[in-house]
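Turn these sequences into a full structure, and let the hints steer you where they fit.
Chains as they are written, first to last, in our numbering: chain A, 1 to 101; chain B, 1 to 101; chain C, 1 to 101; chain D, 1 to 101.
Source of the hints: derived by calculation from the structure; they are not laboratory data.
If you're wondering where the values come from, they're calculated on a predicted model, not measured in any experiment.
The beta carbon of each residue, even a glycine, is placed where N, CA and C say it ideally should be.
A few of these clues could be false.
Simulated coverage check for chain C against chain D, where a stretch passes if three residues somewhere in it have a Cβ under 8 angstroms from a Cβ of chain D [said to hold, decoys possible]:
1) 53-60
2) 64-77
3) 80-91
Here are the simulated DSS-like pairs of lysine-lysine, each with C-alpha atoms no more than 30 angstroms apart in a straight line [to be verified]:
4) K2/C <-> K20/B
5) K2/D <-> K57/C
6) K58/B <-> K24/A
7) K30/D <-> K57/C
8) K2/C <-> K24/D
9) K2/B <-> K30/A
From chain B, some residues computed to sit far from chain D (all C-beta separations above 12 angstroms) [what the hints assert, rightly or not]:
10) K20
11) K33
12) R80
13) D89
14) I91
15) E100
Number of protein chains: 4
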Amino acid sequence: MKVMIDICIVPVGVGTSVSKYVAKCQDIFKEAKLSYAMHSYGTNVEGEWDEVMAAVKKCHEEIHEMGAPRITSSMRLGTRTDRNQTMQDKIDSVREVLGES
Amino acid sequence: MKVMIDICIVPVGVGTSVSKYVAKCQDIFKEAKLSYAMHSYGTNVEGEWDEVMAAVKKCHEEIHEMGAPRITSSMRLGTRTDRNQTMQDKIDSVREVLGES
Amino acid sequence: MKVMIDICIVPVGVGTSVSKYVAKCQDIFKEAKLSYAMHSYGTNVEGEWDEVMAAVKKCHEEIHEMGAPRITSSMRLGTRTDRNQTMQDKIDSVREVLGES
Amino acid sequence: MKVMIDICIVPVGVGTSVSKYVAKCQDIFKEAKLSYAMHSYGTNVEGEWDEVMAAVKKCHEEIHEMGAPRITSSMRLGTRTDRNQTMQDKIDSVREVLGES
Numbered sequence: 001m002k003v004m005i006d007i008c009i010v011p012v013g014v015g016t017s018v019s020k021y022v023a024k025c026q027d028i029f030k031e032a033k034l035s036y037a038m039h040s041y042g043t044n045v046e047g048e049w050d051e052v053m054a055a056v057k058k059c060h061e062e063i064h065e066m067g068a069p070r071i072t073s074s075m076r077l078g079t080r081t082d083r084n085q086t087m088q089d090k091i092d093s094v095r096e097v098l099g100e101s
Numbered sequence: 001m002k003v004m005i006d007i008c009i010v011p012v013g014v015g016t017s018v019s020k021y022v023a024k025c026q027d028i029f030k031e032a033k034l035s036y037a038m039h040s041y042g043t044n045v046e047g048e049w050d051e052v053m054a055a056v057k058k059c060h061e062e063i064h065e066m067g068a069p070r071i072t073s074s075m076r077l078g079t080r081t082d083r084n085q086t087m088q089d090k091i092d093s094v095r096e097v098l099g100e101s
Numbered sequence: 001m002k003v004m005i006d007i008c009i010v011p012v013g014v015g016t017s018v019s020k021y022v023a024k025c026q027d028i029f030k031e032a033k034l035s036y037a038m039h040s041y042g043t044n045v046e047g048e049w050d051e052v053m054a055a056v057k058k059c060h061e062e063i064h065e066m067g068a069p070r071i072t073s074s075m076r077l078g079t080r081t082d083r084n085q086t087m088q089d090k091i092d093s094v095r096e097v098l099g100e101s
Numbered sequence: 001m002k003v004m005i006d007i008c009i010v011p012v013g014v015g016t017s018v019s020k021y022v023a024k025c026q027d028i029f030k031e032a033k034l035s036y037a038m039h040s041y042g043t044n045v046e047g048e049w050d051e052v053m054a055a056v057k058k059c060h061e062e063i064h065e066m067g068a069p070r071i072t073s074s075m076r077l078g079t080r081t082d083r084n085q086t087m088q089d090k091i092d093s094v095r096e097v098l099g100e101s
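Here it is, written out as structure tokens:
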């Protein structure tokens with residue numbers, strides 16, 4: 001089962017600057033050879049369910065190791081059995097309706 | 001690593017009534033012997049990370065098997081290394097501040 | 001238009017204990033005479049869209065005034081035109097399927 | 001008070017294709033002259049709280065008018081009083097840590 005997620009990881013108890021923790025997660029997604037794209041309020045990741053979730057777990061583990069005592073993440077998870085659809089496909093579908101494609 | 005999640009699973013393409021799908025997930029959390037509590041817009045589940053996530057995966061798989069071609073879930077995930085805190089502890093902390101405990 | 005929300009407000013930059021901020025929001029929902037119910041990872045609130053959103057804005061404003069320099073909230077918003085459905089109705093529907101009602 | 005949101009709007013009861021509803025929301029954000037950016041699992045929007053929330057309300061209203069009987073959205077909301085930070089600033093901060101800037 002493939003999954004597309006959108007995740008925003010918030011380390012709590014380490015001040016207001018969270019860039020280095022977000023950067024660490026980008027590294028984890030890259031090393032896991034997953035397809036991912038960061039935006040201003042989270043990161044899209046797609047791949048096999050188990051691989052994506054293993055990367056999410058690693059993000060929590062490593063951010064704790066970096067010193068954050070508490071983490072709260074918000075995540076969307078999308079799965080579908082009717083057809084394959086990549087992150088780019090979803091954007092293309094909307095752009096087509098908007099007459100931008 | 002323990003995790004506390006709050007999950008809202010939305011089957012798409014099967015009409016507006018989603019009760020039977022939500023009920024299926026309650027069964028899955030129960031069978032997995034996880035601590036869980038349903039509210040009006042989701043379900044809290046707590047336990048070991050791998051067990052909780054295995055149950056979430058099973059929810060997606062079984063709802064697809066029930067006929068939903070597409071599922072989009074929103075989930076919060078909380079982990080902490082500074083102390084153990086159950087679902088009840090979190091509620092008690094707020095009630096104490098409110099003078100209700 | 002009525003709305004049912006589920007909101008989890010996370011003050012960032014004020015340490016790991018967030019109970020007093022969550023308690024403040026409960027007070028705000030109460031003063032606004034909205035129907036609300038706290039759970040372990042958020043709070044359900046229902047009412048007229050404008051009233052609910054005014055309360056959410058007030059939560060952010062007052063938590064900033066309490067000293068939090070940064071807040072990140074995650075919120076679900078549900079609206080429907082096919083029928084009225086209260087927070088309790090949603091729970092009852094699932095319990096009926098589970099044979100608990 | 002400025003706010004940055006990330007919103008994913010899910011019409012329920014209208015089948016699995018949601019592109020035209022997402023496109024409608026892009027139009028609403030554009031007409032409201034808000035800064036916004038779509039990604040594969042939602043849209044980032046920033047601006048004054050009241051203007052952003054008015055646009056979100058309009059999205060729900062217009063999608064109901066397009067025929068969706070039920071809508072469930074998931075939204076992140078970020079506010080901060082310590083400094084101004086645009087959507088681009090957030091991305092730049094992470095890229096700087098990653099050595100990509």
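Each hint tested on the structure:
1. 53-60: holds (count 4)
2. 64-77: holds (count 10)
3. 80-91: holds (count 3)
4. K2/C <-> K20/B: holds, 24 angstroms
5. K2/D <-> K57/C: Judged against 30 angstroms, a Cα distance of about 11 angstroms means the pair holds.
6. K58/B <-> K24/A: holds, 29 angstroms
7. K30/D <-> K57/C: Roughly 23 angstroms separates the two Cα atoms, so the pair holds.
8. K2/C <-> K24/D: Roughly 21 angstroms separates the two Cα atoms, so the pair holds.
9. K2/B <-> K30/A: holds, 25 angstroms
10. K20: holds, 14 angstroms
11. K33: Its Cβ never comes within 12 angstroms of chain D, the nearest being 29 angstroms, so this holds.
12. R80: Its Cβ never comes within 12 angstroms of chain D, the nearest being 20 angstroms, so this holds.
13. D89: holds, 25 angstroms
14. I91: The claim holds: I91/B sits with its nearest Cβ about 23 angstroms from chain D, beyond 12 angstroms.
15. E100: Holds: least Cβ distance 27 angstroms, greater than 12 angstroms.
Figure legend: structure checked against the earlier numbered hints; every hint is met.
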